[in-house]
Amino acid sequence: MKKILIVDDEPNILMALEYTLKKNNFEVFIARDGEEAIHIAKEKKPDVLVLDIMMPKVDGFEVLEYVKFNSDLQETKVIFLSAKNKEKDIQKGIDKGANAYLTKPFSMKKLIQEIENQILVN
Amino acid sequence: MSNWFILTIILLYLSFLFLIAYWAERNKQNKWVNSPYVYALSLAVYCSAWTYYGSVGIAARSGVEFLAIYLGPVIAAPLWVVVMRKIIQLSKLYNVSSIADFISLRYGNNRSVGALVTLVCAISVIPYISLQLKAISETFQIITLYDTGFSEGFIFSDSTFYIAVILAVFASFFGTLSLDASKRRKGVLFSVAFESILKLVFFLIVGVYVSFFVFDGTQDIYNQANEEFNLAALSSVGGISGGLNWYFTIVLSFLAIFLLPRQFQVSVVEFSDRSQLKKAIWVFPLYLLLFNVFVIFIAWGGMLLLGNKTVNPDYFSLLIPLHTGQNWLAVLVFLGGFSAVISMVVVSTLALSTMLSNNLIIPYGFIKKFNKNQSVKNEKYIKNIRRFSIFSLILIAYLLYLFFDPDVSLFSIGLISFLIIVQLAPSFFLGMYWNRGSSLGTKAGIIAGLFICLYSYVLPFFASVIFNNPSFENLGPWGIEFLRPYQLFGLDALNPTTHALFWSLLVNTFLYASISVSFKGNYRERNYGEMFVNSEQVVAMRETAFVWKGEAYVSDIQQLLIRFIGEQRAEKALRIFRKRYAVKPDEKLADARFINFAERLLTGAVGSASAKILIGNVAKEKPVSLVEVLQILEENKETISTNKSLAAQSEKLIQLTQKLQQANEELKIQDQLKDDFLDTVAHELKTPVTSIQASSEVLADGEDMPFQLRKQFIENILNDTERLAVLINDILDLEKLASGRDNLNLANNNFVKTVTKAIQGVQNIADKKKVSLQLKTEYTSIEAEYDHDKMMQVLTNLLSNALKFVNSETGIIQLQITSKKENIICEVSDNGKGIPNEDLPHIFKKFYQSKNQNLKKQKGSGFGLAICKKIIELHNGNISAKANLKQGASIHIEFPKKTSR
Numbered sequence: 001m002k003k004i005l006i007v008d009d010e011p012n013i014l015m016a017l018e019y020t021l022k023k024n025n026f027e028v029f030i031a032r033d034g035e036e037a038i039h040i041a042k043e044k045k046p047d048v049l050v051l052d053i054m055m056p057k058v059d060g061f062e063v064l065e066y067v068k069f070n071s072d073l074q075e076t077k078v079i080f081l082s083a084k085n086k087e088k089d090i091q092k093g094i095d096k097g098a099n100a101y102l103t104k105p106f107s108m109k110k111l112i113q114e115i116e117n118q119i120l121v122n
Numbered sequence: 001m002s003n004w005f006i007l008t009i010i011l012l013y014l015s016f017l018f019l020i021a022y023w024a025e026r027n028k029q030n031k032w033v034n035s036p037y038v039y040a041l042s043l044a045v046y047c048s049a050w051t052y053y054g055s056v057g058i059a060a061r062s063g064v065e066f067l068a069i070y071l072g073p074v075i076a077a078p079l080w081v082v083v084m085r086k087i088i089q090l091s092k093l094y095n096v097s098s099i100a101d102f103i104s105l106r107y108g109n110n111r112s113v114g115a116l117v118t119l120v121c122a123i124s125v126i127p128y129i130s131l132q133l134k135a136i137s138e139t140f141q142i143i144t145l146y147d148t149g150f151s152e153g154f155i156f157s158d159s160t161f162y163i164a165v166i167l168a169v170f171a172s173f174f175g176t177l178s179l180d181a182s183k184r185r186k187g188v189l190f191s192v193a194f195e196s197i198l199k200l201v202f203f204l205i206v207g208v209y210v211s212f213f214v215f216d217g218t219q220d221i222y223n224q225a226n227e228e229f230n231l232a233a234l235s236s237v238g239g240i241s242g243g244l245n246w247y248f249t250i251v252l253s254f255l256a257i258f259l260l261p262r263q264f265q266v267s268v269v270e271f272s273d274r275s276q277l278k279k280a281i282w283v284f285p286l287y288l289l290l291f292n293v294f295v296i297f298i299a300w301g302g303m304l305l306l307g308n309k310t311v312n313p314d315y316f317s318l319l320i321p322l323h324t325g326q327n328w329l330a331v332l333v334f335l336g337g338f339s340a341v342i343s344m345v346v347v348s349t350l351a352l353s354t355m356l357s358n359n360l361i362i363p364y365g366f367i368k369k370f371n372k373n374q375s376v377k378n379e380k381y382i383k384n385i386r387r388f389s390i391f392s393l394i395l396i397a398y399l400l401y402l403f404f405d406p407d408v409s410l411f412s413i414g415l416i417s418f419l420i421i422v423q424l425a426p427s428f429f430l431g432m433y434w435n436r437g438s439s440l441g442t443k444a445g446i447i448a449g450l451f452i453c454l455y456s457y458v459l460p461f462f463a464s465v466i467f468n469n470p471s472f473e474n475l476g477p478w479g480i481e482f483l484r485p486y487q488l489f490g491l492d493a494l495n496p497t498t499h500a501l502f503w504s505l506l507v508n509t510f511l512y513a514s515i516s517v518s519f520k521g522n523y524r525e526r527n528y529g530e531m532f533v534n535s536e537q538v539v540a541m542r543e544t545a546f547v548w549k550g551e552a553y554v555s556d557i558q559q560l561l562i563r564f565i566g567e568q569r570a571e572k573a574l575r576i577f578r579k580r581y582a583v584k585p586d587e588k589l590a591d592a593r594f595i596n597f598a599e600r601l602l603t604g605a606v607g608s609a610s611a612k613i614l615i616g617n618v619a620k621e622k623p624v625s626l627v628e629v630l631q632i633l634e635e636n637k638e639t640i641s642t643n644k645s646l647a648a649q650s651e652k653l654i655q656l657t658q659k660l661q662q663a664n665e666e667l668k669i670q671d672q673l674k675d676d677f678l679d680t681v682a683h684e685l686k687t688p689v690t691s692i693q694a695s696s697e698v699l700a701d702g703e704d705m706p707f708q709l710r711k712q713f714i715e716n717i718l719n720d721t722e723r724l725a726v727l728i729n730d731i732l733d734l735e736k737l738a739s740g741r742d743n744l745n746l747a748n749n750n751f752v753k754t755v756t757k758a759i760q761g762v763q764n765i766a767d768k769k770k771v772s773l774q775l776k777t778e779y780t781s782i783e784a785e786y787d788h789d790k791m792m793q794v795l796t797n798l799l800s801n802a803l804k805f806v807n808s809e810t811g812i813i814q815l816q817i818t819s820k821k822e823n824i825i826c827e828v829s830d831n832g833k834g835i836p837n838e839d840l841p842h843i844f845k846k847f848y849q850s851k852n853q854n855l856k857k858q859k860g861s862g863f864g865l866a867i868c869k870k871i872i873e874l875h876n877g878n879i880s881a882k883a884n885l886k887q888g889a890s891i892h893i894e895f896p897k898k899t900s901r
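Chains as they are written, first to last, in this note's numbering: chain A, 1 to 122; chain B, 1 to 901.
Hints were generated in silico from the structure; no laboratory data involved. Because the structure is a prediction, the values reported are computed rather than measured. Errors might be hidden in some of the hints.
[Stated by the list, open to error] Just the calculated beta-carbon pair ranges, DEER-fashion:
{"id": "1", "chain 1": "A", "residue 1": "Glu65", "chain 2": "B", "residue 2": "Asp675", "range": "33 to 39 Å"}
{"id": "2", "chain 1": "A", "residue 1": "Glu75", "chain 2": "B", "residue 2": "Leu678", "range": "54 to 60 Å"}
{"id": "3", "chain 1": "A", "residue 1": "Ile94", "chain 2": "B", "residue 2": "Thr756", "range": "53 to 59 Å"}
[Said to hold, decoys possible] Partial chain B-side listing against chain A, Cβ under 10 Å, derived:
{"id": "4", "residue": "Ser514"}
{"id": "5", "residue": "Ile515"}
{"id": "6", "residue": "Ser518"}
{"id": "7", "residue": "Asn522"}
[Stated by the list, open to error] In silico BS3-like cross-links for lysine-lysine, where the CA-CA straight-line distance does not exceed 30 Å:
{"id": "8", "chain 1": "B", "residue 1": "Lys753", "chain 2": "B", "residue 2": "Lys620"}
{"id": "9", "chain 1": "B", "residue 1": "Lys572", "chain 2": "B", "residue 2": "Lys520"}
{"id": "10", "chain 1": "B", "residue 1": "Lys622", "chain 2": "A", "residue 2": "Lys110"}
{"id": "11", "chain 1": "B", "residue 1": "Lys520", "chain 2": "B", "residue 2": "Lys622"}
{"id": "12", "chain 1": "A", "residue 1": "Lys3", "chain 2": "B", "residue 2": "Lys711"}
{"id": "13", "chain 1": "B", "residue 1": "Lys776", "chain 2": "B", "residue 2": "Lys686"}
{"id": "14", "chain 1": "A", "residue 1": "Lys68", "chain 2": "B", "residue 2": "Lys686"}
{"id": "15", "chain 1": "B", "residue 1": "Lys620", "chain 2": "A", "residue 2": "Lys92"}
Using N, Cα and C, we set each Cβ at its ideal position, and we do this for glycine too.
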């Protein structure tokens, strides 16, 4: 089972994501802020990281940076899932090395499709 | 009293004056020497022996008429200052050293104008000096011979000669210390000021003595005199013709105060700074008034005491103390008169000698000779010419004095002097304010005026008074009645003096104006005409106001300067010039500015006419057309005014740019804030929407979902929907509040009641959380004007925030209300986790986001506080958060009870 870490500070969104992904046969971990995300990523080495950008304590970009510089996490794919939908924000996310960028509000189906795409590329 | 006694006193007094002048010359920086009072007092050189003795005489003969001569300067003092400022400005700019220089400069350094003015001054002043010598001689005679009777003739005439010589030495020593005649002579000026005090004090002493010791006060004199003579005639003006006479005499004296060479010397040449004029404007008129207080009483007293004797009423002030046996007082009076004489003679000869040397002798005879000499020699030469002039002037005056008829009164000679000098008035005054005045007009006007004066005043005066032949006066030449000198063309309403003044000034002015208009002056006259008329600008333009075309070498002019003002001064002046106009030291050709600069330097030394001749010798001047003169002046004037307005405009532009930059910055900030606001709003809106969408999608796909989970998702959706609604309301509220106070529903309310109501609103939630809500106030009612609903909103918001952050069970929320005279203070504090210090400055900013845009704000810091702030501010109050106290957060609100104020 592929491991997926979802990071968001909104509990309601987390709840919906967790339920859907589990139903689609992924092993799901959740983190409520960037700090927690780094912690869990280090430990669980997820295949895909679904990452919000605006979060308390440590933001999504910092988490991405951590992932890119950690040799254990070179296989991990990062999908940004953010309300920031400006062209420059998306460009910035891709430039920093995210594998995909989805904007909120989002469609569950599309997200799952993107996750599967990333796993297939591997 | 004995001759020798008086002579000793005279000599002692003169040596004292020498010492004073010498001391002042040695201590030029002393504050006494430089006091503005010295300048103001030196103006009193106007009061010569003519005033000291003569006005008593005229008061005895014809009553209050004497006053007019002193009223002119007093009445016109404010005007005097205005005109004087312009004269001084021009004179200082061009190193003018005498009135002849001033007028000749105005008409383009015109040599003949300078010479003519000098002659007029000499004709006016020399008899005046004789008059002073006559006064000394006669008073000396009176004081020494009073006991023995005085029919022995001119015993003192020899002594008068010696005194004249001593005065000449005094004048030539202190008057020619500096070569530059436009330089100030502090020694002379200081002694003149000193003498002014002496003569006033002594005159007042004798006035008080006569009025209060010889008689029983002024009223007593008046009463006694009233019984003896017809006082009404003596103390009134006397009908229309009398009024006209008064008027013309006042005009005469007003003009004379500018034109008399000695007045020009003390008021213009010796001027140094503006504070002097401020003092002079009140000191001088006051001085004249004081001087005239006792004149009429001394005159009446004299008439009462000595009326039966055949004495000259001019000398009543001396005769009365002698008559009453107060010899010491007579000596004081004599010394006062002597002071008046000395200052007048010294200053007059000084002024006149400068004119004679700079405007007559040098330009007409010596200028070529000077041009070959070396500077030291030249300086010696020029000084010697001045000394020679001083001596010859006094000598001529002495000779004239010898021919004086003892019967001629002091007053009438004084008037001749005034009449003649006033002929300079049209060219002097009009020349300063009318640019068309020409040298030809000047010459014609002055000569014609002089002629009329001679014909209608001096000639009949001599004919009848000196030669005792009244036929000329009464019948006119060859019996032509129309040409009777005292009633020219049948004008018989005026007395001889004012009659002569009227006709001479009328013809003079008419000729000056009409000839100036009919014949254009040369370009140089026009140039100086423009410069004099526009003196204010010229002071700013300096050398650039002068139009000159031609070829000249700097080295030639430099040689010229060295020859006349010495190597040191020439070098210094050149340095100043080069610095002022940023001219390179190796510049070979002289331009107009340099020509003008050099001319001005030379003017101080040799006079304006000679300066022009000297420059003309080394420079090839090309004629300039009138149009060019006017154009260049216009251009210069324009350039200056354009420069000024340009400077002002660029200053304005700079300010405007700064304002624009500020506004731009402000706009950028506002724009950024708006962007940030929209971002925040979008983000805040998207979060619940995202949640709702995700939850709905889950529900739509989850037919197999357990009931409990399904219920949870539906609750989530409801919560997020509510959150969305609150958010939208807040945003709308904020926008509404932004439009101002208009939306406030202001009314008188009881604040305690409002607070109580707000507490009641959240009481349920507090009870659930087991939090204690406490209201602390000593008031049951605080009346204030505010929007009740909005205030409720604020209070509820603050209470809800506090409820959110306190722990259940242990939480305490306190509301404290204080009423000040004009303000209400309300504090909401809790014992929750408090506000982090770094957030304190920002919590009320509606668009605030933390520095890192990707870091999310704490929950609960949405728009609530921003709305609170806006509402309180609309009530003209303020809201603030106290620094993070360990015991929790505290929000402080203060707003005025009358918000409409």
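We went through each hint and held it up to the structure:
1. Glu65(A) - Asp675(B): 33 to 39 Å: violated (26 Å)
2. Glu75(A) - Leu678(B): 54 to 60 Å: violated (39 Å)
3. Ile94(A) - Thr756(B): 53 to 59 Å: holds (58 Å)
4. Ser514: violated (88 Å)
5. Ile515: violated (88 Å)
6. Ser518: Ser518(B) check fails; min Cβ-Cβ to chain A is 86 Å, beyond 10 Å.
7. Asn522: violated (80 Å)
8. Lys753(B) - Lys620(B): violated (101 Å)
9. Lys572(B) - Lys520(B): violated (39 Å)
10. Lys622(B) - Lys110(A): Status violated; Cα separation ~98 Å.
11. Lys520(B) - Lys622(B): Holds, at roughly 18 Å.
12. Lys3(A) - Lys711(B): Holds, at about 28 Å.
13. Lys776(B) - Lys686(B): Between Lys776(B) and Lys686(B) the Cα gap is close to 42 Å, so the pair fails against 30 Å, i.e. violated.
14. Lys68(A) - Lys686(B): holds (29 Å)
15. Lys620(B) - Lys92(A): Roughly 82 Å between the alpha carbons, so the hint for Lys620(B) and Lys92(A) is violated.
Hint compliance for this structure: hints 1, 2, 4, 5, 6, 7, 8, 9, 10, 13, 15 are not met, and every other hint is.
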